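There are 2 protein chains.
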Amino acid sequence: MHKPVVILSAPQMGENIGAVARIMSNFGVDELRIVNPRDGWPNEKAQAMSAHGSFVLDQAKVYDSLQDAIADRSIVYGTASLERFMVKPIITPWEMERAEFQNNKVGFLFGCEKSGLTNDELSLCDAIIRIPTSEKNHSLNIAQAVAILLYEYMKIEASDVKVAESIGELATKEEVTHLISFLESNLDERNFFKSPNMKPTMMRNITNMLVKAKLSQQDARTLFGIFRAMIG
Amino acid sequence: MHKPVVILSAPQMGENIGAVARIMSNFGVDELRIVNPRDGWPNEKAQAMSAHGSFVLDQAKVYDSLQDAIADRSIVYGTASLERFMVKPIITPWEMERAEFQNNKVGFLFGCEKSGLTNDELSLCDAIIRIPTSEKNHSLNIAQAVAILLYEYMKIEASDVKVAESIGELATKEEVTHLISFLESNLDERNFFKSPNMKPTMMRNITNMLVKAKLSQQDARTLFGIFRAMIG
Numbered sequence: 001m002h003k004p005v006v007i008l009s010a011p012q013m014g015e016n017i018g019a020v021a022r023i024m025s026n027f028g029v030d031e032l033r034i035v036n037p038r039d040g041w042p043n044e045k046a047q048a049m050s051a052h053g054s055f056v057l058d059q060a061k062v063y064d065s066l067q068d069a070i071a072d073r074s075i076v077y078g079t080a081s082l083e084r085f086m087v088k089p090i091i092t093p094w095e096m097e098r099a100e101f102q103n104n105k106v107g108f109l110f111g112c113e114k115s116g117l118t119n120d121e122l123s124l125c126d127a128i129i130r131i132p133t134s135e136k137n138h139s140l141n142i143a144q145a146v147a148i149l150l151y152e153y154m155k156i157e158a159s160d161v162k163v164a165e166s167i168g169e170l171a172t173k174e175e176v177t178h179l180i181s182f183l184e185s186n187l188d189e190r191n192f193f194k195s196p197n198m199k200p201t202m203m204r205n206i207t208n209m210l211v212k213a214k215l216s217q218q219d220a221r222t223l224f225g226i227f228r229a230m231i232g
Numbered sequence: 001m002h003k004p005v006v007i008l009s010a011p012q013m014g015e016n017i018g019a020v021a022r023i024m025s026n027f028g029v030d031e032l033r034i035v036n037p038r039d040g041w042p043n044e045k046a047q048a049m050s051a052h053g054s055f056v057l058d059q060a061k062v063y064d065s066l067q068d069a070i071a072d073r074s075i076v077y078g079t080a081s082l083e084r085f086m087v088k089p090i091i092t093p094w095e096m097e098r099a100e101f102q103n104n105k106v107g108f109l110f111g112c113e114k115s116g117l118t119n120d121e122l123s124l125c126d127a128i129i130r131i132p133t134s135e136k137n138h139s140l141n142i143a144q145a146v147a148i149l150l151y152e153y154m155k156i157e158a159s160d161v162k163v164a165e166s167i168g169e170l171a172t173k174e175e176v177t178h179l180i181s182f183l184e185s186n187l188d189e190r191n192f193f194k195s196p197n198m199k200p201t202m203m204r205n206i207t208n209m210l211v212k213a214k215l216s217q218q219d220a221r222t223l224f225g226i227f228r229a230m231i232g
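Just so you know, the protein sequences line up as chains D and P, in that order.
Residue numbering for the first sequence follows the working numbering, starting at 1 and increasing by one per position.
Residue numbering for the second sequence follows the working numbering, starting at 1 and increasing by one per position.
Note that these hints are calculated values from the structure, not bench results.
Computed from a predicted structure; not experimentally measured.
All residues carry an ideal CB built from backbone N, CA and C; glycine is no exception.
Some hints could be false.
On the chain D side, residues computed to face chain P include the following (Cβ under 8 angstroms) [said to hold, decoys possible]:
1. A19
2. N36
3. T133
4. S139
Which stretches of chain D does chain P cover? Using the computed rule of at least three CB atoms under 8 angstroms from a CB of chain P, they are [said to hold, decoys possible]:
5. 20-29
6. 49-55
7. 109-120
Using the sequences and the hints given, assemble the complete structure.
Written out as structure tokens, the structure is:
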């Protein structure tokens, strides 16, 4: 069983980072990664709100790119309160499965408080977790969303049910990113992106497709071999 | 289905009351009752933290006795993070059952932030709900505890809709029995049951299978059509 990590991308308020650390310590999930915090790091307001969870803040790692923050993960769950126009599986928190945590290093990714995950951030996610909310107020506080995901993880961890391990370990995000970069540079060389305007969207679609494919490490190696053979 | 109410006994910080109102509005549980708030009522800090949930605060009722606040309830769940020396059933949030909300008016009772429910308050509770926490930090923020209980309630409430939508109307027992009889007489004709001794067990297995299948009325009609076509 691998404990998930919590990744906050561009968090704005220190109070929220502190509240996230507190609930993480409540559920025994101690590894926090912070990408480009708005108000810098360390943050006094985060400390003040973390209560007995300040040790989570003390050992938090700060990154300046999301790709680096998720490099060692093989599954990244994004969170979104509203439906987004993107081809990603959407699940509820209670649909997470034990096998995923047994076989993979999982990251829970949360976007900035104001606007949530960007489309580029979402493109790096294997699936979206949506917490169903009332029509009267869709907007969950970020620490509340973290609480509910970690609560469901805690239930999985606490249960003794054994499940069959799936075949093959998923590729890490680093392996997938490497594959995508390799593809991008070779497509550039071959003038695949007809206009520079189109490229970001096309690359996002390619990323989505490769993430959705749930490549195993073997798959990733095979694809590399195929790409290399084609350009050779 | 009766929506539960949230009862805060002697809450201390307005910020927490506001965060509770916000998460209540997220999960469509709108009735908040407040017993003896430390800083009086209304409370500006509560308003500031409630975001789009301020309507919950606007309609909150304030009481000066817990007995009055729970008078119309038939089940009151107290919450406690640590084991208390009191003879009460202790359940986890996910052990709450749908039937309780169908048949009863339920209240979720939370004590003051500093020390939780007093023994007198606990004595009024039918059961205690305990959210399992890590040994490193047992102390949950009150709004986080509310979030988790209401999240479990939301799942119970949502399961109604889901079942109705996905399965369609179940076949009546009469329709299933009719299907089984039809099958039995036709299998008899074809000498399916090798020996008369075996038949009761085999029919019981077939019945179990068809009952377990939770056939909709449409499923039952389809199966009938298939059987008829096969014997035709």
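Evaluation of the provided hints:
no.: 1; hint: A19; verdict: holds, 7 angstroms
no.: 2; hint: N36; verdict: violated, 24 angstroms
no.: 3; hint: T133; verdict: holds, 5 angstroms
no.: 4; hint: S139; verdict: holds, 6 angstroms
no.: 5; hint: 20-29; verdict: holds (count 6)
no.: 6; hint: 49-55; verdict: holds (count 4)
no.: 7; hint: 109-120; verdict: violated (count 0)
Of the numbered hints stated above, those contradicted by the structure are hints 2, 7, listed in ascending order.
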